[in-house]
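Given the coordinates of chain A, work out where chain B should sit on it, guided by the hints.
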Amino acid sequence: MSDASELRRLMATEGDAVFENTSGFNRGRYDSVAGLSDYEGLKTEARSIKEDAIERLPELVDQLRESVEANGGTVYLADDAADANEYLRSVVSDRDAERVVKSKSMTSEELEVNEALEGDGVDVVETDLGEWVLQVADETPSHIVAPAIHKSRPEIAELFNERFDPDPPLESAAELTRFARDHLGELIEDAQVGVTGANFITADTGTMALVTSEGNARKVVSATDTHVAVAGVEKVIPSVEDLQPFVELIGRSGTGQDITSYVSLLTPPVDTPVVDFEDDETPLSEATTDRDFHLVLVDNGRMAMRDDDELRETLYCIRCSACSNSCANFQQVGGHAFGGETYSGGIATGWEAGIEGLDTAAEFNDLCTGCSRCVEACPVGIDIPWINTVVRDRINRQKGDDDRFDFLVDGLTPDEESESPPLQKRFFGNFETAAKLGSATAPLSNWMANTGVARQAMQRVLGIDPRREIPRFQRETLVEWAADREVTVTDPERSVVLYPDLYTNHVQVERGKAAVRVLEALGVDVVVPQAPSSGRAPLSQGMVTTARDHAERVADRLLPYVESGRDVVVVEPSDLAMFHREYGRLLDDDPYEQLAVNSYEVLEFVYGLLENGASTEDLRDGAGERVAYHSHCQQRTLGLEDHTVAVLERCGFDVATSDVECCGMAGSFGYKSDYYELSVAVGDELAGQFTTDDTVDRTVVASGTSCLEQLDHLLDRPSTHPVELLDGR
Amino acid sequence: MSTSPVDSLVSAVTALDVPCERTTPEQFEATLAAHVEEPAVGVGLRDQSVSLDGTAVTVDPAPAALKAAHTGVTPAAFAVADYGSIVLPSTDDGAELVSLFVDRHVAVVDANDVVPGMEAAFERFEEHVADGAGAASNIIATGPSATADMGELVLGAHGPSEVHVVVVEGDAAEVEDE
Chain A
1 MSDASELRRL MATEGDAVFE NTSGFNRGRY DSVAGLSDYE GLKTEARSIK
51 EDAIERLPEL VDQLRESVEA NGGTVYLADD AADANEYLRS VVSDRDAERV
101 VKSKSMTSEE LEVNEALEGD GVDVVETDLG EWVLQVADET PSHIVAPAIH
151 KSRPEIAELF NERFDPDPPL ESAAELTRFA RDHLGELIED AQVGVTGANF
201 ITADTGTMAL VTSEGNARKV VSATDTHVAV AGVEKVIPSV EDLQPFVELI
251 GRSGTGQDIT SYVSLLTPPV DTPVVDFEDD ETPLSEATTD RDFHLVLVDN
301 GRMAMRDDDE LRETLYCIRC SACSNSCANF QQVGGHAFGG ETYSGGIATG
351 WEAGIEGLDT AAEFNDLCTG CSRCVEACPV GIDIPWINTV VRDRINRQKG
401 DDDRFDFLVD GLTPDEESES PPLQKRFFGN FETAAKLGSA TAPLSNWMAN
451 TGVARQAMQR VLGIDPRREI PRFQRETLVE WAADREVTVT DPERSVVLYP
501 DLYTNHVQVE RGKAAVRVLE ALGVDVVVPQ APSSGRAPLS QGMVTTARDH
551 AERVADRLLP YVESGRDVVV VEPSDLAMFH REYGRLLDDD PYEQLAVNSY
601 EVLEFVYGLL ENGASTEDLR DGAGERVAYH SHCQQRTLGL EDHTVAVLER
651 CGFDVATSDV ECCGMAGSFG YKSDYYELSV AVGDELAGQF TTDDTVDRTV
701 VASGTSCLEQ LDHLLDRPST HPVELLDGR
Chain B
1 MSTSPVDSLV SAVTALDVPC ERTTPEQFEA TLAAHVEEPA VGVGLRDQSV
51 SLDGTAVTVD PAPAALKAAH TGVTPAAFAV ADYGSIVLPS TDDGAELVSL
101 FVDRHVAVVD ANDVVPGMEA AFERFEEHVA DGAGAASNII ATGPSATADM
151 GELVLGAHGP SEVHVVVVEG DAAEVEDE
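Chains as they are written, first to last, in this note's numbering: chain A, 1 to 729; chain B, 1 to 178.
Hints in this document: simulated from the structure, not taken from any laboratory. Predicted model only: the values in this text are computed from it and were never measured. A virtual CB, placed ideally from N, CA and C, is assigned to each residue, including glycine. Be a bit skeptical, because a hint or two may be false.
In silico contact screen, one side only, chain B against chain A (beta carbon under 8 Å); selected entries [unchecked claim]:
1) Val6
2) Ala64
3) Lys67
4) His70
5) Ser85
6) Glu127
7) Ala133
8) Thr147
9) Met150
Below, a list of computed lysine to any residue pairs in the SDA-like style, where the Cα atoms sit at most 20 Å apart [as the list claims (entries may be wrong)]:
10) A:Lys436 / A:Arg397
11) B:Lys67 / A:His183
12) A:Lys43 / A:Glu376
13) B:Lys67 / A:Ser93
Just chain A, same shape as in the assembly:
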């Protein structure tokens, strides 16, 4: 696992280049998809094509084999990497090839094709300029689409000048590109075998799509007479027509280009004549078009993933890199930390768990905080955080009894896990217990928790970073406060149950009180019953069984209120996201739908009231107060940022918003010693947006507990929840 020092090293050496590129791709994605008339429709179509293809995969592979053979090519279905490499070696050896030129293919990296061929004395040349840089430098990709983004132009210039000693030395990007083009061009022109990947392959015709920009894949195919395409079995889709949504989505989702320079739709063997570039006599049309084509379809764990209900969605991945670029943690550390043997970014957990195994996935899986921004970015809507959660759960179970402290475990971790996750995960997963104890013994608990001795113990035993403030528990919980209140609304417009999430109930109690008062001011009858915590905390530690137990108890507690006509209002966005997203995986359909349909984020609910006739007169007048608002990552994925902004503006506030994907705190993540510095690096992007000339004097407002904690930690001025701004008292 990447520990604090490794992450610090990567942030220092590669972080700037990775951030500049990935955040640029991410901005490009937003701009590019905005140009589509029906982005969501295309995503839905792409998703359903993949669902259908993976469902019918064996049948499609058979059909594809017939199509390719009818075209004059050969299909080889390889069980694993060794099998695939053995076949490739035989093709290269049968052709008596001295040189193999390759275009970019992650699958060939997964198989370690280069090493296998080089072992036979074959010269293997990567022709994608990024891949070639890495081949020269003997480094691994830091990004699945742009593999060398961790290297800056001066570093590449230094590398080429040292290795090739060009005269004059190379400096500009144009000079470097020209040099690489000429150097590789010569190598391509007298190579015998061209190896490509394939982004998609259609079963009906044996047509493969290659999405590229440099033109090297075109050259690799047309300048050699033997073409080997290496692709995972999941790349097969039914028909040529099915390529359309992917062609429109893949460039936009990845690097933010509407379309890349070249989308090759090849039905090999291609008709292009095979030429000798030295030949100055034979016209092109008289040259032979005799070509060989081999399609190597690779299983290597994929068919088992197809049978795995939790990992199957991984096979829908089109390797566009949106989940890397939209990930706040990836933007800071890149794929050298946030990746396994071959794949990197959010979806890599699924790929590496399925292909390499849990141990490899465990190396980086904790870098996914479950912020869910990638779900929206993914062109096929894969629930990437869920895959990360499930794999974390499996890793926990595999780890079993490692580093347990029984004396603490018994009291503080009353979870449902049969095989124990590591202690740190159990502590954060059972945070409800600590919070209850904390409130019951406050202020003593707060005082004790922040003593040096306690913090040392927390760091040593639980890995909690001493630089973080520990939450201050309130002696009186929101539920206790509400129970003592007189009912103030006599003829209610609506009735709600305010869900006392863990933080609002025990720590940020004031925002809960403000929520009750704001709702009442708008004529809403509010009850705040005792209720279990949502299960977000255990879920984020990969403790799925415990989270399911929470979900069931929450549903049991809240649904009677729903049945009696109350809506559920939630202050903490990460808990609302549980109700709307993850409970779909944890509960039966009926209770899930009943709870999801009837639950609202508090400002979303206020927005609804205002839309239905309630008056802002009953709320505090913003009177032009300038605020800087950071919405919560999961709240944004639910599409609920705009409601808060609209309510604040209607109430007379002047609102500026952040546009970072996540604050970096992410529940327990920012407390962990291994991740503290990464968390702060992510948070600094947000803090930077709130300390510009325009924002530095604005009131800081955020919806999520974690965001508020992070902002309090990083800014000199306090932060507040939007509902507190509306509370006239």
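The following block gives chain B in isolation, referenced to the frame of chain A:
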């Protein structure tokens, strides 16, 4: 009246910084000359109303002449207006090589072969398959080849650094039949 696919194509191609010119069969020779820098090679403009006869372009060159050429002229099977894309078939006369192993690629598009968007483009590919012709090999090419792998965007990676598009508009009375 809505914009025609050709209008959309011209504006999308121009937005890619790709020189794009509309011409007529009568004006074709003169128009093409302005877009060709010699030495120039080409493949026959099959199925089009114009030809490369009488131009400075060497049709059906030997490979060495192709390698020495600055400009390569090929026909586009069709163009996709929304994206400013041209569809280049990999035919047995070497069109793929002529459009790729040169510094400047000039694509000649018949105005009747401009489809509005990707959906129509793929309908066209499907029709080709349904006609029993089997699936062909085509490149959907959009602007020049490019890379950002050397630290910043550079036009002209492995493929041509310049692309020009010439749209040939036939008799205006011709009815579009898509």
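Comparing the hints with the structure gives:
1. Val6: violated (19 Å)
2. Ala64: With Cβ-Cβ at 4 Å, under 8 Å, it holds.
3. Lys67: Cβ of B:Lys67 sits 5 Å from chain A, so the hint holds.
4. His70: violated (15 Å)
5. Ser85: For B:Ser85, the interface hint holds, since the closest Cβ of chain A sits about 7 Å away, which is under 8 Å.
6. Glu127: violated (10 Å)
7. Ala133: violated (10 Å)
8. Thr147: Holds: closest Cβ of chain A sits about 5 Å from B:Thr147, inside 8 Å.
9. Met150: OK, holds: B:Met150 within 8 Å of chain A, min 4 Å.
10. A:Lys436 / A:Arg397: violated (27 Å)
11. B:Lys67 / A:His183: Distance of about 15 Å is within 20 Å: holds.
12. A:Lys43 / A:Glu376: This hinted pair holds, its Cα atoms lying about 10 Å apart.
13. B:Lys67 / A:Ser93: With a Cα-Cα distance of about 29 Å, the restraint between B:Lys67 and A:Ser93 is violated, given a limit of 20 Å.
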